[in-house]
Amino acid sequence: MSKKIEDISSSVSFVLKEYDRDIWACVEIMKNWRMIGGKTKPKSLTLKNGVLRISTYDSALRNFISISEQKIIHKINKEILKEDIVKKLEVFGVQVPIYKRFSTKLNK
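Take the sequence shown: its position 52, counting from 1, is numbered 51 in numbering that gives the first Met the number 0, and each next residue is one higher.
Don't read these hints as lab results, they were simulated from the structure.
Quick caveat, the model's predicted, so the values are computed rather than measured.
Treat the hints loosely; a few may be bogus.
[Unchecked claim] Derived pair list, reagent style BS3-like, types lysine-lysine, alpha-carbon separation capped at 27 Å:
| id | residue 1 | residue 2 |
| --- | --- | --- |
| 1 | LYS40 | LYS81 |
| 2 | LYS86 | LYS74 |
| 3 | LYS38 | LYS70 |
| 4 | LYS81 | LYS42 |
| 5 | LYS81 | LYS16 |
| 6 | LYS16 | LYS77 |
[Unchecked claim] If you anchor each label on the Cβ, the simulated ranges turn out as follows:
| id | residue 1 | residue 2 | range |
| --- | --- | --- | --- |
| 7 | GLU17 | LYS47 | 15 to 21 Å |
| 8 | GLN94 | TYR18 | 32 to 38 Å |
| 9 | VAL11 | GLU82 | 14 to 20 Å |
Even for Gly, the Cβ is constructed at its ideal location relative to N, Cα and C.
I would like the entire structure built from these sequences, with the hints used as guidance.
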C-alpha cells in the first residue's frame with residue numbers, strides 16, 4: 000500500500016513540475032518544511048516570479064525566517080528543489096481568528 004502511495008505522489012509531482020513550476024515548488028517546500036522551520040508550519044505559501052511569500056501565525060517563525068533569509072533560500076534551492084527558483088522571501092503575519100482563540104476549554 001505504501002509503495003502505491005509513493006508512486007502516485009511521485010507521478011503527481013512529475014506532472015506538476017512540467018505543468019507549473021511555481022505550484023510544484025510550493026508543494027515540495029511544504030512536504031519538506033521540517034528541514035526549514037521545524038514542526039511549525041506556515042498558514043500558506045505562494046511563489047511568483049521568484050518571490051516566496053510565507054504567511055504564518057507564529058511570530059517566532061517569522062523572526063527566524065527574516066533573520067536567516069539567505070540561509071533558508073540556499074537550503075530551499077539546493078537541498079529541496081535542486082534548482083534556483085526562489086530568489087527572495089517575504090514573510091507576513093496572520094492573526095488567529097477570534098473564534099479559534101476562545102474555542103478550546105481551559106483545563107481545571
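Results for each hint:
{"no.": "1", "hint": "LYS40 with LYS81", "in the structure": "holds (21 Å)"}
{"no.": "2", "hint": "LYS86 with LYS74", "in the structure": "holds (12 Å)"}
{"no.": "3", "hint": "LYS38 with LYS70", "in the structure": "holds (18 Å)"}
{"no.": "4", "hint": "LYS81 with LYS42", "in the structure": "holds (24 Å)"}
{"no.": "5", "hint": "LYS81 with LYS16", "in the structure": "holds (12 Å)"}
{"no.": "6", "hint": "LYS16 with LYS77", "in the structure": "holds (16 Å)"}
{"no.": "7", "hint": "GLU17 with LYS47: 15 to 21 Å", "in the structure": "holds (19 Å)"}
{"no.": "8", "hint": "GLN94 with TYR18: 32 to 38 Å", "in the structure": "holds (34 Å)"}
{"no.": "9", "hint": "VAL11 with GLU82: 14 to 20 Å", "in the structure": "holds (18 Å)"}
Violated hints: none; the structure is consistent with every hint.
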